[in-house]
Structure formats: structure tokens, C-alpha cells
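These protein sequence lines are chains A and B, in that order.
End of the first sequence = 514 in the numbering used here, gap-free, step of one.
End of the second sequence = 514 in the numbering used here, gap-free, step of one.
Be careful, since some hints might not be right.
Treat identical chains as interchangeable: a pair holds within one or across any two.
Said to hold, decoys possible - List time: in silico DMTMM-like cross-link candidates among lysine to aspartate or glutamate, alpha-carbon distance up to 25 Å: (1) K459 with E478; (2) K267 with D93; (3) K459 with D374; (4) K459 with E493; (5) K480 with D437; (6) K431 with D179.
Since the hints were made in silico from the structure, they are not lab data.
Computed from a predicted structure; not experimentally measured.
2 protein chains.
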Amino acid sequence: MKRRDTGSAWIIDALALRVDLKKGALPLTQQLYRPLKEWIQHGELAAGQVLPSSRHMAQLLGVSRNTVLAVMDRLLAEGLLVARQGAGLYVAQLPTLLRRSAASTPRPTCYSSRGNTLLGLSSTLSNGYRAFSPGVPALDLFPREQWQRLLRRHYRHADMSWMDYQTSGGLPELKAALCDYLRLSRAVRCQPEQIVITQGAQQAFELIAQLLTDSGDAVWVEEPGYGGAQACFLASGLAITPVPVDKGGLNIALRPAHSPTPRLIYVTPSHQYPTGVTMPVPQRLALLEFASRSGCWIIEDDYDSEFRYDTPPTPSLQGLADQASVIYVGTFSKVLYPGLRIGYLVLPDELAADFTRAHARLHREGNYPIQSALAEFIANGHFTRHVTRMRSAYRQRQACLRTALAPAVAKGLRLSDGHAGMHLLAELNSFDQEALLVKRANDEGITLSPLSRYYLSEHKRPGLVLGYAGSTEQALLQAGTWLNDAYLATRDTP
Amino acid sequence: MKRRDTGSAWIIDALALRVDLKKGALPLTQQLYRPLKEWIQHGELAAGQVLPSSRHMAQLLGVSRNTVLAVMDRLLAEGLLVARQGAGLYVAQLPTLLRRSAASTPRPTCYSSRGNTLLGLSSTLSNGYRAFSPGVPALDLFPREQWQRLLRRHYRHADMSWMDYQTSGGLPELKAALCDYLRLSRAVRCQPEQIVITQGAQQAFELIAQLLTDSGDAVWVEEPGYGGAQACFLASGLAITPVPVDKGGLNIALRPAHSPTPRLIYVTPSHQYPTGVTMPVPQRLALLEFASRSGCWIIEDDYDSEFRYDTPPTPSLQGLADQASVIYVGTFSKVLYPGLRIGYLVLPDELAADFTRAHARLHREGNYPIQSALAEFIANGHFTRHVTRMRSAYRQRQACLRTALAPAVAKGLRLSDGHAGMHLLAELNSFDQEALLVKRANDEGITLSPLSRYYLSEHKRPGLVLGYAGSTEQALLQAGTWLNDAYLATRDTP
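Go ahead and model the full structure; you've got the sequences and the hints to work with.
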């Protein structure tokens with residue numbers, strides 16, 4: 021392809037044959053610059069190759085000489101061309117150039133081992149707002165008008181300094197409002213200074229892992245359990261030990277023999293995800309005692325504890341504990357909406373300032389007008405009212421789902437008690453039935469989350485995690501009836 | 021402290037002496053519940069201890085019997101009390117309880133080794149909007165009214181589905197608008213599908229490290245270089261090798277002897293941070309060739325390349341390369357404002373879908389109304405106009421700073437050429453002078469970032485990184501004059 025010997029004939033041919041400058045598309049300079057750069061880069065125009073005069077090129081291409089000169093200036097500035105006194109421009113001597121070849125294949129070891137594991141965990145995301153998607157709140161019942169009015173006002177009155185980088189671990193007003201709420205409603209022991217606002221709970225998990233663990237340290241997680249938190253631990257290089265959940269949640273007595281002492285224990289004691297059980301106080305105290313003895317930290321993920329239908333919300337584990345051993349993590353994704361991306365950490369006193377500092381360095385902070393609107397939403401009672409309304413709506417939505425599934429239940433389908441939360445767990449008879457139902461549901465536009473995906477070890481159980489909060493009663497009756505019939509039709513699947 | 025033998029006398033004393041129920045503060049039930057829970061938890065009320073009757077307690081405390089009963093119900097529900105038929109309530113038998121002791125000290129090995137290193141990197145954050153803060157754009161010149169109008173409209177017309185979890189790697193309209201911009205202005209080779217929108221560039225760095233490296237893998241970074249990216253690599257467990265920057269940016273020929281083959285190389289080729297040099301094409305090609313030969317990835321951080329004052333913006337490294345080896349990272353923090361928290365990745369084709377999936381799992385996505393407003397801001401030309409206006413404003417601001425520092429320059433202060441970007445680098449004579457100026461400036465309310473903090477190895481040079489974009493001309497003249505005088509007063513510091 022190299023035509024060093026033919027003077028500028030090749031480039032004239034190439035320009036005439038391969039460059040078709042069009043008005044109105046890209047600027048003409050761009051249209052001329054790109055092929056020239058590529059020819060040089062790919063060695064089609066070799067080092068030392070002399071270019072035709074700008075006048076000649078302009079004539080050939082039917083553009084102004086200024087256009088050609090602008091392109092030459094840029095190629096000169098980039099070092100791709102060199103000017104030789106009196107002899108015009110020629111192609112610079114460059115290191116062996118990279119060639120883009122049609123045969124180039126993706127690198128064989130493209131992802132790291134951690135990357136491949138993470139991608140394995142990332143296959144379970146539902147893509148859309150459909151019946152039974154777990155963890156999705158009632159977006160249809162969210163007071164959007166009210167919220168948007170607040171947002172508008174808080175954007176309008178936003179401090180100019182809020183546009184800058186922030187270093188305070190969240191807007192102080194939001195921390196204060198949240199603190200009041202957590203103390204009263206969740207029996208969390210805290211001061212506003214202990215709170216760090218994060219971009220959702222995920223960022224909180226990452227921050228904990230990054231500051232309190234080293235790569236290779238062990239973290240205990242619930243089995244079955246929440247994949248989102250597990251992904252964060254994996255991403256931070258931790259070794260994950262799944263510990264079985266019994267009717268009281270994570271039970272340290274059931275941990276695998278010879279499991280390494282953990283640095284972190286991740287639990288959802290108020291409402292275990294996805295089994296829905298609540299950890300009783302004696303089991304909580306045993307967990308706290310273990311953590312204290314082994315010097316590890318407990319992460320309490322209190323993701324949906326606001327929604328409890330029979331009794332007042334269970335007080336937090338953090339409130340029961342010597343606070344130095346429990347880090348409480350919460351999110352507004354369930355009580356308000358996921359797209360808001362606001363979560364938070366309640367840290368032991370002695371960690372709070374350092375976490376704030378590292379958070380600002382690692383993740384930056386922003387969107388203070390939204391935090392400000394949220395602070396008012398909480399402080400003026402909208403938040404509590406919304407939670408109360410949702411509690412009643414979710415109770416009814418759950419009842420609809422139960423009604424639709426009643427015939428299946430009469431024939432042996434086992435549903436979780438549903439005292440709390442935003443989903444029911446349905447236990448199935450076999451993995452084949454699970455797979456069949458998931459596949460058939462998908463064809464119907466219904467999201468069924470198989471329970472087996474919530475396990476990391478081989479000790480799986482078949483079932484379905486049925487989110488009911490995010491669908492209307494009508495949709496639940498309809499999808500529930502479909503599921504009921506599908507269950508009955510498949511219950512003899514081996 | 022245990023008074024098992026004294027029946028309920030101790031609790032009556034304790035209630036009378038230590039519980040002072042106040043109207044209007046916390047609800048009365050909370051005020052009574054808390055001390056009881058603590059006494060049980062701390063073993064002051066021992067297992068088997070019988071409680072006084074609810075009537076007796078109500079009388080003693082001057083509250084209604086219903087209040088007392090509500091508290092007892094809660095303690096029963098939590099398993100802290102047990103009811104014995106006919107014999108009232110007694111304290112449950114619990115595992116050894118955790119005691120909170122005044123003498124409890126923070127855990128000695130509180131942070132991990134990674135955590136301690138991260139905290140070490142996190143001490144350099146400026147806290148406020150002051151003269152010379154690097155990386156802060158002109159917040160005073162941002163078209164807030166216009167932007168807020170857009171935000172309002174896009175919030176009002178937001179899809180309800182945007183409130184849910186998102187899995188598309190960013191709003192498609194934003195990816196399309198951004199793609200057009202990057203192709204034209206930055207010579208980035210891309211299609212919208214190659215873009216993943218992140219929460220600022222930091223999240224982009226983390227995602228790259230988490231998917232393409234394992235803990236312990238090597239990453240090469242520029243020395244001096246950007247601490248924010250380094251923090252992300254450290255957080256992901258990478259081993260950082262600083263490679264010296266020369267007048268053409270990171271120079272692989274200067275890497276330490278026996279340095280391990282990297283998995284990632286992080287560079288700022290358009291405008292090296294903080295030295296301000298631009299990597300010439302031959303050095304770019306040498307870097308690309310090295311990456312191709314050693315099978316590592318190049319991260320191109322193109323944080324402020326829009327602001328170039330003499331020549332058109334330098335085309336991106338990504339556009340020059342076989343795209344499979346370069347991952348391009350950009351941010352709106354410099355061209356719009358940091359609090360916006362929007363950055364992006366331009367990925368090689370074969371990585372884009374997997375990165376999107378892992379991003380949704382690890383970090384979630386949200387704030388689509390803001391992304392939607394930003395898409396319009398770009399598509400309708402506001403963005404380009406803003407960049408053009410800022411380019412002219414920053415040129416003037418830089419000129420002000422140079423004017424103020426002219427006497428010092430005449431006496432030997434060396435300033436970087438300032439062809440581009442939002443800061444100047446001032447080289448100093450000694451570290452003592454650097455430390456002295458930083459300290460004195462801080463007392464004046466001026467942020468001086470010492471150049472020595474941008475080094476990881478011991479081969480440091482003294483200097484100051486002077487951000488000029490975020491301050492008004494008047495503020496720059498004033499702070500610049502102060503700095504000029506302070507420089508002259510300290511230039512003989514050994």
C-alpha cells in the first residue's frame with residue numbers, strides 16, 4: 021500500500037476517488053481531516069510522503085484553499101505532518117503505527133477474574149417496570165406534583181456553592197431531618213454527624229468495604245441473600261462466605277466449618293431479603309456478641325423496614341448494639357423511588373469524619389438541591405404521610421396477590437407470611453418448575469425472580485420472589501391469576 | 021449491679037430516680053422504652069427479674085397505664101421480656117449481653133491497610149469555593165436560569181418509568197447528543213451504544229478497575245498526577261506505579277526499572293494534570309504501541325480539553341488509536357459544574373454491553389430527568405455556546421492572574437504556558453517555600469494546592485497548582501497580588 025516512490029500521485033487519486041465532500045453534513049474541514057489522518061495512521065501515507073500543494077488539493081476537491089490550509093495546520097499541530105522549508109508538507113516519521121484490521125478479535129483475557137464474577141452476578145437485572153419486579157415501590161402512587169414543586173423551589177433557591185464539589189458528607193439539613201426520623205421510627209442511635217449521604221446504598225457498601233477491608237478479607241453474607249450488596253463486596257476484592265438463613269435470619273451457628281473469621285457481616289435483620297424473616301432479639305444479641313468477640317463489623321441493611329403490617333416496625337439492630345460494631349445502611353429507593361439515588365450510612369462516632377473525607381475523595385458529592393428538597397419533604401411530614409399511605413396500599417396489594425394465588429395455595433403453594441415488606445416468597449417443588457415458570461412468565465411480560473438466583477452455594481431451594489408493591493391491584497390480580505394457573509399446570513414438574 | 025434477689029424494688033427505684041418523663045419531647049412510650057431496654061441490654065436488669073405491675077409503674081411515673089402497656093408489648097415482641105402465666109412479666113434469658121462501657125476505645129486496627137492509604141490520599145480536599153481551588157469552573161457564569169428552566173420542563177415531562185431502576189447505561193438521548201459532540205469536538209470515534217453515563221468520572225474509573233483488573237494488578241499513573249483517579253485504583257486494590265511525566269506527558273521510557281507490566285495505564289494526554297503539558301502525537305503512538313504489545317488498557321481522562329486558547333482542541337488519543345485499547349473518560353464537572361455529578365465512558369464496542377450491565381448492578385442508575393435536560397442542553401447548542409463563552413472568560417481570568425504575578429515572574433517565578441485548561445502551575449524554589457506559602461494562604465482564605473501533593477514517589481518538585489477558572493477577575497487580581505507579594509517575600513526561603 022505504500023507509495024513513497026510515486027510522489028503525490030497516490031494521494032491525489034485517493035482524494036479524488038475516496039473523498040466525497042458533502043455540504044451540510046460534517047464541517048468540510050472534518051470531512052477532509054479524517055481520511056488524511058487515517059491514511060497516515062494506517063501507513064497508507066508513509067513517512068516522507070510529500071503532499072500536493074494546498075492549491076492543487078483545493079482545486080481537486082472543489083473547496084476553498086482556506087479549508088485545506090486549516091486541515092493541514094491541524095495535522096501539523098498534531099505532529100502527523102512536518103513542514104520542510106521550500107518543499108511543502110510531508111508525512112512525519114512515526115513509531116510503528118497501530119493498524120486497525122478487520123481480523124482483530126477481542127482480547128482473549130479481556131475481563132479480569134473479578135470482572136467475570138461480577139458479570140455473572142449482573143445477569144439477573146430485570147429490565148422494566150413489570151408485574152412482580154422485586155424492590156420496586158408504587159411509582160403510580162408517588163406524590164409527583166408535590167415532589168416536583170419542592171424540587172423546583174429548592175433548585176431556584178439553591179446556593180451557588182452547591183454547584184461546586186462538596187465535602188460535608190451530605191447536606192446538613194438532610195442529615196438532621198433523617199436523624200430525627202431514624203431515631204423515632206427505627207430506634208437508630210445517632211446524631212446528624214454520624215450520617216453520610218451516598219448515591220444509593222450501593223455506594224455505602226463500597227465505601228465500607230474499601231475503608232474497613234483489604235482485598236481477600238472475608239465477608240459473611242446471608243444465603244439466600246441480596247446480590248446487589250454481594251456485587252459491591254466482590255468489586256472490592258472480598259472473599260464472600262454465604263451463611264445460611266434460618267427462620268430467624270442469618271444464623272452464625274450454621275456457618276460453614278472452617279470458615280475464615282470475617283471482617284464484615286452483612287445482614288438484613290428487620291426483614292431478611294428475600295426470605296422475609298425477622299431476626300429475633302436473642303439471635304441479634306448472639307450476632308452482636310460474635311462480632312464484638314471477633315472484632316468484625318456488622319452491616320445492617322434496613323432497606324424496607326418501614327413496611328410492616330401487623331406490628332410497629334422492628335427496632336434496628338444498630339439501636340440494640342454497642343454502636344461501635346454496627347454500621348447502619350438505609351436507602352430512599354424503596355420508601356420514595358429508586359431513580360432518586362439517595363442512600364445513607366449511620367456510622368459509629370469515631371468513623372464518621374474519616375468516611376466523610378474518603379467519600380468526598382472517592383465518590384464526590386452532588387445534587388444538593390435534591391437533598392435539600394428531600395430534607396423538607398421529611399421535615400414537614402410529607403415523608404411519614406407517604407410511608408403511611410404506602411403501608412396501607414401495599415397491604416392491599418399483597419392481599420390482591422394472595423387472593424389470586426389462593427387456589428394454588430390450597431393445592432400446596434407455600435407463601436411467606438408477608439408481615440412486612442414489598443414482596444412475597446413462594447416456595448416451589450422443583451428447580452424444573454422454577455425454570456419453567458420463569459420462562460413462561462417472561463413470554464407473558466411478567467418478571468419472575470427465581471429464588472435459586474439468590475444463592476451462592478449449591479444448597480439452593482426453588483421458589484419465586486414476587487414483588488407486589490410496584491403493581492396496581494388490577495395488574496396483580498391479572499398477573500397473579502396467570503401465575504396461579506401456571507403453578508397449577510406445572511406443579512407436577514419433577 | 022444485679023438485683024435478682026430484691027424482687028422489683030430496684031426497678032422501682034431506678035424508674036423513680038432515673039426516668040423523668042417530659043411532655044412534648046419524645047413520645048412518652050419512647051422515653052420509657054429506652055431506659056428499660058438499656059437496663060436489660062446492659063444486664064442492670066438481669067434475666068429472671070420480675071417487673072412491677074403496669075398499674076404500679078403507671079402510678080409511679082404519672083402516666084397512663086396504656087403507655088406502660090404499649091412499652092411492655094414492644095419489649096415482649098422483641099424478646100427482651102417474657103410473660104409468665106399469672107406471674108406478670110420478667111426479663112428474658114439472653115446471651116451474654118454487650119456492655120457499653122465508657123472506657124471502650126476505638127478498635128486499634130479500625131481501618132484496613134487500603135483504608136488507611138485511602139484516607140492518606142483524602143487529606144487534600146479543599147473545602148469551599150475560594151481563590152485558586154483547582155478544577156472549579158466559573159459557577160458565577162453558568163446560565164442557571166436557562167438550565168433550571170430546562171430541568172423544570174424535563175422533570176415535568178419525565179416518564180414515570182424513570183423513577184424505577186434503569187439498566188440502559190444512561191438515557192439514550194443523552195448518549196446520542198454526547199456522541200455527536202465527542203465526534204466533532206474531540207475526534208472521539210464512537211457510536212451512542214459505546215457510551216455509559218456514570219456518576220462523575222470517579223465511578224467510571226472504579227468500573228474500569230473492577231471489571232478489567234484483579235486485586236494486586238498494576239496500574240501506571242502519571243507522576244505528578246491526579247489523586248482522584250489514584251484513589252479509585254487504590255480502592256479497587258490495584259498496585260500503583262507512578263511513571264514520570266516529561267514535557268510530553270507520561271513517558272513510558274521513564275518508568276521505574278523492573279516495574280511490573282501494567283493492566284491499566286491512566287493518562288491525561290490533552291492537558292496533563294497538573295503540569296499542563298500536551299502529549300505530542302509521536303509519544304501518543306509510542307504509548308499506544310506499548311499498550312497493544314503488552315495487552316493493557318489505556319484510560320484517557322479528557323477532563324478539561326475543551327479549554328484550549330491558541331489552537332483548536334487537541335484530538336483525543338482514543339480517536340488516534342485502534343479503539344480496542346483505549347477507554348475514554350469524560351466529565352461534565354469542568355465544562356458545566358461539579359455538583360451535577362455526570363461523567364461518562366466511551367468503551368470499545370465489545371465491552372460496552374457488559375459494562376452497562378455491571379454498572380446497573382453495581383452502581384444503579386438514576387436522575388434521568390437531569391440527563392434528559394442535559395441532552396437538550398447539548399443538542400440545542402447551549403452547551404457549545406457555554407463552552408465558547410467559558411473559553412473566552414478563562415483566557416481573561418488567566419490573563420488577570422498573570423498580570424498580578426508579573427513582578428514575581430520577573431524575579432524568577434516560573435509559570436506553565438497556560439495554552440489550555442483551568443489552572444497554571446507555578447514552580448517554586450523549595451519545599452519550605454511551598455509549605456510556607458500554603459500555610460500563609462490558608463490564613464488568608466486562599467486555597468493553594470502544593471504541587472508536592474501530586475506525587476506518590478519521593479521524586480517531588482515544589483510548586484503551586486493555581487486554579488483560575490472559578491474566581492472572578494477581581495478576586496484573581498486580589499489573590500494574585502497577595503500571592504505575588506508572598507512569593508517575593510519568601511523566595512529566599514531555603
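Exercise for the section: Compare the structure with the hints numbered earlier in the document and write down the numbers of the violated ones, lowest to highest. Expected result: When the structure is compared with the hints, only number 6 turns out to be violated.
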